[in-house]
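Enquirer: Taking the hints into account, I'd like the entire structure generated from these sequences.
Just so you know, the protein sequences line up as chains A and B, in that order.
Everything in the first sequence is counted per the numbering used here, starting at 1 for the first residue and increasing by one.
Everything in the second sequence is counted per the numbering used here, starting at 127 for the first residue and increasing by one.
By construction, these hints were calculated from the structure, which means they are not laboratory data.
Using N, Cα and C, we set each Cβ at its ideal position, and we do this for glycine too.
Any given hint might turn out to be false.
Listed next, the in silico BS3-like pairs over lysine-lysine satisfying Cα-Cα at most 27 Å (straight line) [as the list claims (entries may be wrong)]:
(1) B:218 - A:2
(2) B:131 - A:2
(3) B:218 - B:154
(4) B:218 - A:99
Partial pick of chain B residues on the chain A-facing surface, computed with a CB cut under 10 Å [what the hints assert, rightly or not]:
(5) 127
(6) 150
(7) 168
(8) 172
(9) 174
(10) 178
(11) 199
(12) 221
(13) 238
(14) 247
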Amino acid sequence: MKQAYAWSAIAAIVLASTTGDVLLSRAMKQVGDVGALWRQSGLWTVLGRVLRNQNFLLGVLAMTAAFYSLLFGLSWGDVSLIAPASASLTFVTNAIAAKIFLHERVDHRRWMAAVLVAGGVVLLAA
Amino acid sequence: MTFRKYLVLAGVTLCASIGDSLLSRGMKQVGNISLNHLHDLILAVLNPSVALGILLLLGFFASYMTALSWADLTYVLPATSLGYVLLTVIAKFYLHEAVTTSRWIGILLISAGVGFVTQGPALTHHPASAQSDERGCEPASAGRKDERQAMENKR
Numbered sequence: 001m002k003q004a005y006a007w008s009a010i011a012a013i014v015l016a017s018t019t020g021d022v023l024l025s026r027a028m029k030q031v032g033d034v035g036a037l038w039r040q041s042g043l044w045t046v047l048g049r050v051l052r053n054q055n056f057l058l059g060v061l062a063m064t065a066a067f068y069s070l071l072f073g074l075s076w077g078d079v080s081l082i083a084p085a086s087a088s089l090t091f092v093t094n095a096i097a098a099k100i101f102l103h104e105r106v107d108h109r110r111w112m113a114a115v116l117v118a119g120g121v122v123l124l125a126a
Numbered sequence: 127m128t129f130r131k132y133l134v135l136a137g138v139t140l141c142a143s144i145g146d147s148l149l150s151r152g153m154k155q156v157g158n159i160s161l162n163h164l165h166d167l168i169l170a171v172l173n174p175s176v177a178l179g180i181l182l183l184l185g186f187f188a189s190y191m192t193a194l195s196w197a198d199l200t201y202v203l204p205a206t207s208l209g210y211v212l213l214t215v216i217a218k219f220y221l222h223e224a225v226t227t228s229r230w231i232g233i234l235l236i237s238a239g240v241g242f243v244t245q246g247p248a249l250t251h252h253p254a255s256a257q258s259d260e261r262g263c264e265p266a267s268a269g270r271k272d273e274r275q276a277m278e279n280k281r
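Expert: Below, the structure written as structure tokens:
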């Protein structure tokens, strides 16, 4: 039962954080280079532009769901299983989602990274 | 990639792994939470370790957002996954969890993945934003611009 709780928490984390990552990445691309914007027009401009971005707010909502799933999972399983398993599975789903929704060029290096990390996850869970 | 950008990526890595470890220690102190007592999950933030963990995860979030503003999602995530190596070391020596050989090999594979992705470019150059050809990006972003205009007009 403990295992079932831990793995359903992992599934929930992966789904929520992939959604969140894609939304946040899209939001920050709309905001633009934060460092340059900060130097140019100050911290408040940066904060204002980020906080008023709709994708950012939706992304934070998804990340909050992922965070509470993580807390839930951590009360049932080891941190060295839950945290790497969920966040690393997110690599594969993120690579797919980033290609489809963000039109990122996921080349062989990036697929290789995703596959290696996925292999690492299988071993972490063994 | 400048030195400052590598510092931001290091911030993402360190804050995430140390923050997660603190959360784990705190949640072990809080104890198992069952589906029947989900409100315990909300009260869990009162535990000092959980609170400090959340603080570090806020630091993680700020540096993560900064990184995403100048790099692809599929670059930032693998590039910062060295945190799992750190997380395993922390889990072994501070939380005293058992870390088996196969988990160590898993960590090794993840590290290899980091090596692959950091050799490539950090940001996808979208031809749609520079020139006006193909890809299907242009109509999408144009549509978004129209939406924003419509929102502003409403206001």
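Enquirer: Now, for every hint given, state plainly whether the structure supports it.
Expert: For each hint, the structure was consulted:
{"no.": "1", "hint": "B:218 - A:2", "result": "21 Å, holds"}
{"no.": "2", "hint": "B:131 - A:2", "result": "41 Å, violated"}
{"no.": "3", "hint": "B:218 - B:154", "result": "15 Å, holds"}
{"no.": "4", "hint": "B:218 - A:99", "result": "36 Å, violated"}
{"no.": "5", "hint": "127", "result": "12 Å, violated"}
{"no.": "6", "hint": "150", "result": "3 Å, holds"}
{"no.": "7", "hint": "168", "result": "9 Å, holds"}
{"no.": "8", "hint": "172", "result": "13 Å, violated"}
{"no.": "9", "hint": "174", "result": "15 Å, violated"}
{"no.": "10", "hint": "178", "result": "14 Å, violated"}
{"no.": "11", "hint": "199", "result": "4 Å, holds"}
{"no.": "12", "hint": "221", "result": "7 Å, holds"}
{"no.": "13", "hint": "238", "result": "5 Å, holds"}
{"no.": "14", "hint": "247", "result": "8 Å, holds"}
Hint violations for this structure: numbers 2, 4, 5, 8, 9, 10, all remaining hints satisfied.
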